[in-house]
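Asker: Listed below are the residues making up each chain.
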Amino acid sequence: MRTITAVVASVGLLAGAAHAKEYSHQKYFEHYEGTKTCLKCHEKEATTFFHSQHYQWLGQAPQIVNSHGEKLGKLNTINDFCTNPQSNWIGLVRNSRGEVLTKGCSQCHAGLGALPQAKISQAQLENIDCLICHASGYQRDLYQNPDGSWSWKPVLWKNQEGMDSVSKRIGLPTRTNCLRCHAGSGGGPNFKRGDLEYALADTDKAFDVHMGSDGANLQCTDCHAGEDHRVRGRGSDLSGTDDPAKPLSCDDANCHGAAPHKAEVLNFHAQRVYCTTCHVPVFAKQDATDMVRDWSKPSYNAELDKWSATITMGKDVVPVYAWYNGTTWEQLPGQPVKRLAGGAVGMMMPQGDRNDPKARIFPFKLHRAKMPVLDGKNFIIPIVVEEFFANGNIDEAVKHAALDTYGVKDAHYTWTDTERYMGIFHEVTPAAKALACLDCHAPGGRLDWKALGYAGDPILAHLQPAHTVK
Amino acid sequence: MRKGKLLAVVGAAALATAGLASAAEPDGRVLFKEYCKPCHAANSPHGEVTPMTLIQDQWERFFKEKLVPSHKELVDSNHGGKKVLDVITPEMLQKIKKFAIDHAADSEHPMTCG
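So the protein sequences, as listed, match chains A and B. Here the first sequence is numbered in my numbering, starting from 1 and rising by one per residue. Here the second sequence is numbered in my numbering, starting from 1 and rising by one per residue.
Hints in this document: simulated from the structure, not taken from any laboratory. Even for Gly, the Cβ is constructed at its ideal location relative to N, Cα and C. Nothing false has been slipped in among the hints.
Computed cross-link-like contacts, DSSO-like style, restricted to lysine-lysine with a CA-CA straight-line distance of at most 27 angstroms: (1) A:LYS153 with B:LYS37; (2) A:LYS158 with B:LYS64; (3) B:LYS37 with B:LYS64; (4) A:LYS158 with B:LYS98; (5) B:LYS64 with A:LYS168; (6) B:LYS33 with A:LYS158; (7) B:LYS33 with A:LYS103.
Computed from the model, here is a short list of chain B residues facing chain A with C-beta under 8 angstroms: (8) MET52; (9) THR53; (10) LEU54; (11) ILE55; (12) ASP57; (13) GLN58; (14) ALA105; (15) ASP106; (16) GLU108; (17) PRO110.
Work out the full structure: start from the sequences and follow the hints.
Answerer: Here's what the structure looks like:
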């Protein structure tokens with residue numbers, strides 16, 4: 001940032017023409033007047049973006065085993081972090097001191113505030129916020145319109161000269177662009193994913209061999225970009241998939257392939273143990289991540305004058321390990337809850353077991369929560385979190401959501417434990433720090449062999465005979 | 001005459017201040033709040049100004065070309081009714097400038113001054 005400023009400043013003194021070279025779109029338009037400026041030349045790209053998971057928050061869901069052909073995404077599912085965006089879409093919530101607590105779930109939508117619609121229109125295309133992914137130095141905030149409605153606008157909306165400069169700094173998305181949403185999701189830095197944190201914007205290879213600027217220095221898009229605004233990869237706990245035909249995995253032939261090691265024993269393992277199981281020994285290496293979110297226990301932060309769920313954070317977290325064949329069972333709204341052996345409701349459950357040839361052992365962040373379940377129907381209820389943050393009245397926030405989601409007035413409900421398995425794919429550590437044999441094959445090792453379907457550590461079958469020979 | 005002198009001092013300070021600031025001295029944010037915000041708060045007749053009002057380029061230009069002409073005649077009633085530019089030392093100005101640029105609208109951490 002600083003270097004760019006310095007260069008621009010000194011070039012600016014020399015000549016206007018030299019200055020024009022600085023930004024890719026310097027000559028394409030004079031004044032930025034919102035997304036319609038981009039549509040003049042990029043209607044085709046805007047149309048592809050309109051149809052993407054990123055815009056629609058709905059998409060094909062072939063990897064959700066109980067999706068029955070329905071389109072799924074954030075809009076019509078419930079998670080155990082901020083629950084569901086429908087009742088929490090946009091608007092400032094202030095505390096008793098008048099300070100802004102939250103701005104709504106649309107903060108993580110690449111639109112300017114209107115809800116995505118199924119049908120394409122000029123208004124919907126103009127609602128796309130191209131700059132959030134494509135312009136460096138762009139920042140937006142929530143502003144109220146004269147008619148009382150809300151919009152996301154560039155912070156420079158009153159400064160045309162500044163806006164004209166920023167809107168011309170166009171390029172393909174950088175890590176910083178993607179992390180604007182992906183590192184802040186779940187309500188705070190690294191709260192949700194655990195392995196996608198702000199530190200990745202500018203880090204070293206000890207932190208992440210792929211994204212470290214002294215390592216491969218990959219951008220998110222080097223792995224995730226598909227075509228026509230369809231990103232590759234959904235992990236294990238998102239519902240919709242932009243491009244089911246082009247999944248993303250470390251062992252893709254054009255990345256590492258299925259047998260990247262010189263040591264045959266490691267390649268043998270890779271058939272049943274997923275790469276990141278050995279290569280991401282811990283996650284949440286800088287910012288702690290939300291491990292348990294108990295919505296039944298409102299917790300008041302006097303300093304911020306803000307209510308929240310009771311959240312237990314974890315740093316340098318060791319993943320849990322489970323079989324996963326690429327498909328997931330999801331607890332969907334309007335379907336009676338299905339309970340796991342321990343009684344908890346599985347919100348996102350990886351499918352597959354030892355006997356499934358397509359399954360491998362993957363590392364997960366296991367997120368636990370307490371969520372309300374509607375008595376009688378047994379449906380998970382989301383929460384109108386926005387009003388709860390200000391007043392701490394959880395009962396009202398649950399009842400309000402039950403009315404919005406299921407049309408049930410004055411709902412009766414019961415708090416229940418939930419579990420969500422979230423695949424870990426980032427923060428790959430240097431090879432020298434990958435898990436070693438004894439991390440798994442030693443008493444008290446990382447794997448719970450019985451739970452994974454083994455009689456015990458399979459290595460013992462090899463060691464025992466050796467002992468008897470001696 | 002006064003204006004020329006002030007600018008020269010600011011220029012020299014730009015080269016030298018970095019290492020001089022001691023921990024006890026107020027930082028740019030505090031100085032901005034104390035010496036700029038009283039005239040530039042929301043709804044102020046002089047226009048709201050926070051670091052994220054301008055982009056980095058515009059702040060550079062403001063401190064280089066505009067501050068003195070637009071503020072030299074102004075009186076700061078919060079600081080003994082002295083001239084604005086007499087209350088703010090070049091060292092303080094340098095810190096205010098750094099704070100404004102670090103938190104400009106196109107920085108990675110745009111900020112109001114709180």
